[in-house]
Every structure is written in structure tokens, then in C-alpha cells.
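Order-wise, the sequence lines are chains P and F.
Just so you know, the first sequence maps onto residues 0 to 574 in numbering that gives the first Met the number 0.
Just so you know, the second sequence maps onto residues 0 to 261 in numbering that gives the first Met the number 0.
I should point out that these hints are in silico values taken from the structure, not numbers from a laboratory.
Keep in mind that the hints are not guaranteed to be accurate.
Taking lysine to any residue and the SDA-like style, the derived pairs with C-alpha atoms no more than 25 Å apart in a straight line are [to be verified]:
#1 LYS156/F to LYS241/F
#2 LYS335/P to GLY221/F
#3 LYS77/P to ASP95/F
#4 LYS80/P to LYS241/F
Some, not all, of what chain P presents toward chain F, calculated at C-beta under 7 Å [unchecked claim]:
#5 ARG71
#6 PRO72
#7 GLU73
Pair by pair, the computed Cβ-Cβ distance ranges are [claimed, not checked]:
#8 LYS249/F to PRO81/P: 24 to 34 Å
#9 SER435/P to VAL2/F: 26 to 36 Å
#10 PHE477/P to SER74/F: 33 to 43 Å
#11 PRO562/P to SER74/F: 47 to 57 Å
#12 CYS59/F to ASP22/P: 56 to 66 Å
#13 GLU129/P to CYS59/F: 47 to 57 Å
Remember, it's a predicted structure, so these values are computed and weren't measured experimentally.
C-beta atoms are modelled at their ideal positions from N, C-alpha and C, and glycine is treated no differently.
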Amino acid sequence: MEYILKNGVVFDPKNDIDGEQMDIFIKDNVIVDKVSSKAKKLDVSGKLVMPGGVDLHSHIAGPKLSIGRLYRPEDIRKGIKPASKNDISGFEAGFSLPTCPTIGYRYTKMGYTTVTEAAVPPLEAKHAHEEINSIPNLDIPTLTLFGNNWFMLKYVKEKRFDDLKVFISKWLKLAKGYGIKIVNPCGSEAWGWGKNVDGLDDPEPHWGVTGREVIQALTEVNEKLGLPHSVHVHTNDLGHPGNYATTLETFDCVKHIKKNENVDRNQIMHCTHVQFHAYKGTSWRDVSSGASELIDYINKNDHLTCDVGQITFDETTTMTADAPMEYDLFRLTGLKWANKDIEVETASGLIPSIYSSHAPVSVLQWAVGLEFFMGVKDPWKIVLTTDSPNGGPFIRYPRIISWLMSQEKLQDMLDNEVHNWATNRTDLGTYDREYSWNEIATITRAGPAKILGLTDRGHLGVGAKADVSVYDIDVDKFDCTLKSNSETLENKLLNSKYTIKDGEILVKDGNIVKLVNSNHIWCNVLGLENEEKVLIDRIKPEFNKYYTIKYENYGVNDHYIQPDTRMDVNYGGEL
Amino acid sequence: MKVINLVMTKKSSISLEFDNILPELLFDKSLRQINETIIYRGNKEEPLSHYFDVSIEGECDDAKECAIVIDGDLSRVKRIGFAMTCGKIIANSDVDFHVGACMSGGHIIVNGDAESYAGREMTGGLLEIKGSVKEFCGSSYAGEWRGMSGGQIIVHKNAGKQLAEYMIGGNIHIKGDCDILAGVHMSGGKIQIDGNVNQWFGGQMKKGTIIINGNVEKMLPGFVLEESIYHPLINGKQFIGKYGLYSGDKTVKGKGRIWIKK
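Could you put together the complete structure from these sequences and hints?
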């Protein structure tokens with residue numbers, strides 16, 4: 000099928016197209032420079048045209064979602080939308096924990112086409128991939144949790160980095176994972192002993208390995224393997240006042256590691272939801288923002304990128320592999336909570352979280368997140384996320400965009416809506432930045448695609464994947480800087496005029512018109528097959544001793560991941 | 000004053016759902032429009048007129064002046080007055096699940112018994128049930144930790160299990176007996192039970208008041224007798240007789256108060 004998107008106002012930061020009125024040509028599933036006369040014309044004159052949205056950190060599939068849905072039936076009652084007779088999609092339900100199909104519907108309506116599931120333990124990978132099969136219309140890479148894995152800890156302790164490299168390569172194949180995720184390195188494992196680690200150099204009680212050693216080892220392995228994405232790090236001490244120092248140390252601890260030359264990305268470490276890691280103080284009484292130090296570091300260094308994890312003032316659900324942190328939250332709020340141990344690999348936890356614009360701590364967190372958006376000068380280094388659903392559900396992205404694009408709106412919130420900690424304890428009030436559409440396209444499309452190493456998307460150049468979103472926003476006429484337009488802007492971004500994925504129109508005028516199966520994107524490292532076989536033969540006895548399942552039943556079989564979008568990575572030997 | 004009379008003409012084998020039959024939605028509608036109002040039968044949409052004969056008396060400009068009177072066998076009609084905000088509904092029969100649940104204003108009278116979930120998570124208004132209620136009256140829905148937060152429920156006969164679970168505000172008056180687990184997880188509001196109460200009432204309550212005028216099975220061990228008082232004044236109302244004041248539930252460091260007539 001061929002399409003011409005006529006006269007849209009295009010924002011494509013990767014190709015330096017900044018609001019140019021032009022046509023976009025689509026043939027089959029790619030962007031081309033011309034099409035035949037039979038191409039179908041879609042008149043999008045003056046409308047906002049961007050590449051399909053790319054979310055590099057969201058929690059949309061896996062056991063934690065299922066536990067959440069079981070544990071919070073009250074959340075499913077929110078956001079119920081019956082399907083009308085004309086809808087091709089089904090009913091929607093849930094707010095912070097939507098049903099699987101609802102996740103696909105809502106992302107697609109927002110113009111997103113690629114969404115990363117940010118934390119999958121290998122043992123539960125089958126579950127995650129099965130859920131992905133129930134989510135329509137997205138391309139979904141999954142990041143595999145390695146930061147507290149016993150085999151990894153053992154190899155790091157014994158400094159067997161070649162074995163670690165082969166282990167990671169094999170385990171990505173088993174879990175059908177896309178990249179390395181590290182969550183509270185050593186802390187989640189320490190939770191198995193009822194403890195946590197304090198900072199980067201506090202050793203885990205059993206293996207005696209520190210978070211610093213884990214992050215450095217996995218980053219080196221990641222670069223040796225040449226994985227398209229860098230290590231994806233949720234640093235230690237999340238949500239603890241005073242944690243900004245740990246975050247700074249984490250930023251710095253991999254600076255000396257050489258980046259693989261064959262990868263497209265610039266960073267060697269992606270620090271996720273930095274907002275939760277940027278607090279000064281010694282307790283929640285004297286807590287203040289530590290964002291300025293971290294922003295300064297990010298601005299001065301090119302080896303790392305970050306996403307924000309913005310708070311959106313909602314009643315949501317936090318879920319993470321950082322189980323001790325969830326217990327801390329329970330101690331703080333007294334709300335119902337759940338913990339789950341994933342044998343050998345990690346821990347996990349879940350608790351409802353209520354962020355209120357009148358609660359000082361919530362407001363501080365909200366303001367710290369916005370400080371990052373305002374303070375990080377290069378939009379390619381920062382990505383819009385809410386760590387959905389931890390800071391707020393992903394359907395709030397448009398609302399965050401409306402805040403970023405209107406200083407008037409933000410100032411009004413600071414003056415009239417939120418608790419005074421936002422101005423007294425953060426520097427948010429000192430910024431007067433307003434994001435342009437080009438910057439929005441960078442932090443929601445081009446930037447995350449580049450950080451993930453997905454070179455075929457996040458832009459609209461010839462040869463790119465035909466993922467395009469068009470919004471019913473007349474770019475020249477609609478003034479996003481006006482407070483009075485914020486709500487309209489949010490609604491328009493929530494319901495795209497067109498969402499096109501792989502050259503197929505999935506959304507038209509805010510309604511889903513086609514449902515397709517989601518693609519599972521995973522990394523297949525080529526060149527280490529023999530070493531992997533030797534390693535598996537060696538560790539099988541240990542595996543069968545520590546796990547309650549047999550190795551033969553462990554990996555994700557191919558039939559789970561149809562359609563399969565495998566990315567082959569050629570291992571080129573040592574750097 | 001406008002009175003909309005609904006008389007059931009055909010009974011459904013499965014429950015009808017009455018979410019849309021509210022004073023605020025019907026007060027300005029014509030007879031024809033009310034007849035065409037959609038109600039759900041299972042997952043099927045059907046007009047109200049398939050099951051009810053509708054007549055209207057009087058006129059009004061405000062939903063507060065509108066009353067809906069429903070006659071016939073309503074034991075298969077769910078969600079009467081669900082999320083109601085104002086006006087009045089009178090149901091002259093036993094009713095099915097969820098009557099008055101999530102209501103925030105207005106007045107509902109049920110001249111019969113109510114099934115489970117009556118007045119769950121209500122935030123305001125008055126729900127009066129002339130017969131008995133079954134389980135979860137004035138409670139929270141599954142998973143929710145904030146149950147009834149305002150308004151008043153009066154039950155002239157008995158109440159079933161888990162009355163006012165997770166209640167955080169409002170008043171409930173049960174004039175008959177009450178089954179197990181009344182007021183568990185309560186953190187606000189007041190329950191008065193004139194009849195006998197089965198065991199485990201007040202379990203894990205943190206705040207709020209329960210007044211029991213009948214007999215009780217036994218107290219949970221987390222409650223401590225503070226004092227015995229003759230004719231106590233409780234929340235501004237004088238009660239006649241000797242009452243024991245228990246506080247708890249100590250297992251959750253609760254400061255709830257249970258008054259039991261001796």
C-alpha cells in the first residue's frame with residue numbers, strides 16, 4: 000500500500016526538519032522519496048506530523064502487572080470505556096494498570112508505535128511475552144534484568160568477565176531480551192536477606208559484590224557485545240533523601256569505559272527515572288532537590304543519557320524490581336503492598352501511590368522532574384517518561400508536554416495549584432524555558448530511538464520504518480504557550496488524527512481502525528554460539544540446583560514471539 | 000415536583016441495570032424520551048419501555064424536585080440509584096445488588112429488602128431500607144481501602160456480613176441484628192446497631208465509632224475496656240443505660256471506640 004501525507008508540518012529532528020511543510024511518502028512499510036500515481040493521498044495540510052512515538056521505559060507486560068491487577072481491582076474500575084458497535088477495538092479498562100489490549104489502544108491513539116517493557120526477569124519472560132501477544136499495535140523490546148542475578152554476581156566476584164559476556168549473550172536469547180537492565184544492583188538481592196545496600200560501595204551480604212562492580216562489569220560486557228542499547232540503570236537508593244550523591248557516583252563510575260564503535264548511540268549508560276534519584280537532605284522533613292548537580296553533570300558529559308520519570312499528580316501504582324524500596328514506601332504510607340521473590344534473579348514489589356498537588360513530597364518530586372526537563376540543555380540526552388505507571392500512567396504524557404510547552408501554565412501551577420515546596424525547595428521557578436515542537440519530537444521520538452539503538456525509527460528519512468503520527472493541531476495557528484490551550488493540547492495529543500505503523504493506518508481521527516499483532520524486538524548476538532554451549536554445559540548443574548525449574552523449560556520458545564523482530568548483533572571480538 | 004412512575008410489566012430472567020434511571024438524568028425528559036432510555040439487560044441495550052410502564056405527574060426545573068417511584072418485583076433490578084447525586088427514588092419492592100452504591104446525594108427509600116453491596120462507597124445522601132440488607136452494606140468495593148465516606152444508611156431490619164468494611168465517614172444505623180465482621184478496617188464514621196452482633200466486629204479498626212445496643216458474641220482481643228459509663232453522650236447524642244467503652248484495635252495501634260450496652 001502506498002500513501003502520501005500531503006502538506007503536513009513535519010518535525011523530524013534527526014533529519015534536521017523543523018516544522019517544514021512537506022509531503023511524506025510511504026510505500027509498504029518504509030518511508031520513500033516517491034510513490035506511484037496510485038498512492039492514496041491523506042490531506043494533513045498544516046497538521047502536526049512527527050515520527051511514531053518511542054517510549055524507552057514503561058512497564059506494560061509481565062508478572063508485576065498481573066500481580067498489580069489482582070491486587071488492585073479498584074484500579075481496573077477506573078477508565079472503563081465500553082466499546083461501541085462501530086469500534087474495531089474492544090472495551091477499555093484500568094488507569095494505572097490497564098488491561099493488556101487497553102495498553103495497546105491507548106498508546107496507539109497517542110501516536111506511539113514503539114514501547115519498551117523496562118524490566119523482565121528471565122524466569123518470567125515467557126509470561127511477559129505472552130502478555131505482549133495480548134497487547135495490539137506496538138513494537139515492544141523488553142529489557143532483561145541482570146543487576147541481581149546470582150550467576151552474574153558470581154562471575155563479577157570471581158572476575159570472570161568473559162564468562163559473564165557469554166552468559167549475557169545466552170540469557171538474552173533465552174529471555175528474548177533486547178538489552179541489559181540493572182535495578183538497584185545488589186540491593187534487590189540483599190532484600191533476600193531482609194536487607195538493602197546503602198550506596199554504590201556497600202557489598203551485597205552473600206556475594207560481597209558492590210553495585211559499582213556490577214554496573215562497571217555489565218557496562219563493559221554491554222560494550223564488548225556491541226548491544227544496540229546501553230546498560231539501562233535504575234541506580235541504588237531510589238527515593239531516599241540524599242540519594243543524589245549515589246546517582247552522581249553512578250554517573251561517573253562508567254566514564255572510563257570505552258564505547259563500542261559499531262553502535263549508533265552516543266551513551267554507554269542510560270540512567271532511568273532520574274527524578275526519583277535526585278534528592279538532597281537526610282529525611283523527608285529536610286528533603287530538597289538535588290537535580291541541579293545532576294543536570295550540571297549531564298550537561299557536561301556525553302557518556303550518559305537519562306529519562307525523567309515525571310510525577311503527574313495521580314493515584315497510581317508503583318511496581319519495581321527494587322523490592323526493598325517498595326517496603327520503604329509501605330512503611331511510609333501504610334498502604335497495601337506486595338512483594339515477590341524471583342528465584343536466583345531478582346526481587347519485586349508493588350504498592351499504590353497517591354501523588355497529590357497538595358502533598359509537599361509529591362510536589363517536590365513533580366518539580367524535580369520538571370527541573371530535569373528544563374535544565375538538561377541537549378534534548379537528545381533526556382527522554383519523556385513517567386516510568387509508567389510509577390510516576391503516573393503513560394496517558395499523562397500529553398499533559399506533561401502541555402506543561403513543557405507553556406511557561407504560563409507552569410507558572411500558574413506554581414503560583415496557584417501546588418504546594419510551596421516546589422518553589423522553596425527546588426530551582427524550578429528559576430527556569431523560563433518553553434519546549435518547541437522540535438524538542439518535543441526529540442524527547443519523545445528521535446532521542447529515545449537513538450538511545451535504544453533502533454536506527455530504523457524515530458525519524459522520517461528515506462528508508463525509515465513507516466511509523467508516523469499526525470495530530471489535529473494546526474501548528475501555525477495553535478498557540479501551545481497559552482495556559483488556556485493546555486487542556487485542548489492534551490486532548491489532541493491523546494487522540495491522534497492518524498497513527499501509521501509499518502505503513503498501515505491504525506488510528507484515524509482518534510479511533511482505532513486496525514489491530515495488528517505487536518512485534519517482539521530482541522537481540523541475537525552472533526559469534527558466541529560455541530562459547531554459550533560450553534558455558535551452559537558447565538552451569539547446568541548449578542542451574543538445576545538453584546532453580547525450581549529445569550533448564551530445558553526455562554527459555555522463551557520461538558512460538559511465544561510471533562511476529563518476531565530479531566535484531567542480529569555481530570560480536571566482533573574484544574575491543 | 001415531578002414524579003416519574005415506573006411499573007414493571009415484564010420480569011427479566013437476568014438482572015436489569017438501572018444506572019441510567021436517576022432523577023438528574025430524567026427530570027427534564029419527556030415521556031417518550033424516558034420510555035426510550037437505555038437500560039442494560041446483561042450486555043444488551045434495551046429501552047426502559049420493554050420492561051416498565053412509565054407515567055409522569057407534575058413538572059420541575061431542578062433534579063432535586065424530581066422523584067422516581069418504581070413498582071413491581073424489583074428483585075432482578077440492579078444498581079438502583081447508583082452514583083445518584085440528588086432527587087429521590089422510592090422502590091416499592093425488594094431490590095437487587097448495588098442499590099445506592101456510590102451515591103453522593105439525594106434520598107433512596109427501599110420498601111423491602113436489599114441484596115448485597117447496598118450503599119457501597121457512598122459519599123453523601125440518605126439510603127433508607129425498610130427491610131434487611133445482605134453483605135457489604137456501606138463497604139468498599141474489592142481492593143479499595145476507602146469505603147463509605149459520607150451520608151447516611153438506615154436499615155430497619157438486619158444487616159449481613161462485612162457491614163461498613165473500610166468505612167471512613169458517614170453514619171449507618173442498623174435497627175436489627177448484624178452478622179460477622181461489622182466495621183472491620185474502619186477508620187472513621189459511626190455505626191449504630193440496635194440488635195445483636197455476631198463476632199469479629201471492629202477488627203483492625205483504626206478510628207470511628209461503633210455503638211451496639213444488643214448482645215455481642217465476643218470481643219476481639221485487640222480491644223481494651225476503658226471505662227463503663229451510664230447514659231453516655233456519644234457524638235452529641237445521649238444513650239440511655241450503662242455502656243462499656245472499648246478502644247482498639249490495638250493490633251494495628253487503632254484508636255477506634257466501641258460502645259456496648261451492658
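Okay, the hints, checked on the actual structure:
1. With a C-alpha separation of about 24 Å, the suggested pairing of LYS156/F with LYS241/F holds against the 25 Å cut-off.
2. Restraint check: the Cα-Cα separation between LYS335/P and GLY221/F comes to about 21 Å, which is no more than 25 Å; the hinted pair holds.
3. Taking the CA atoms of LYS77/P and ASP95/F, the gap is about 23 Å. The hint holds against a cut of 25 Å.
4. With a C-alpha separation of about 54 Å, the suggested pairing of LYS80/P with LYS241/F is violated against the 25 Å cut-off.
5. Checking ARG71/P against chain F by beta carbon gives a least distance of about 5 Å; that is within 7 Å, so the hint holds.
6. Hint status for PRO72/P relative to chain F: holds, with the closest Cβ pair at about 4 Å, below 7 Å.
7. Given hint, GLU73/P at the interface with chain F, holds; its Cβ is 4 Å from that chain's nearest Cβ, closer than 7 Å.
8. For LYS249/F paired with PRO81/P, a C-beta distance near 46 Å fails the hint of 24 to 34 Å.
9. In this structure the supplied range 26 to 36 Å is violated for SER435/P paired with VAL2/F, their Cβ-Cβ distance being about 60 Å.
10. One distance hint, 33 to 43 Å for the beta-carbon pair PHE477/P and SER74/F, is violated here, with the actual separation near 55 Å.
11. Against the hinted window of 47 to 57 Å, the Cβ-Cβ separation of PRO562/P and SER74/F comes to about 51 Å, which satisfies the hint.
12. Checked against the given bound of 56 to 66 Å, the beta carbons of CYS59/F and ASP22/P, roughly 58 Å apart, stay inside it.
13. The hint said 47 to 57 Å for the Cβ distance between GLU129/P and CYS59/F, and at roughly 55 Å that hint holds.
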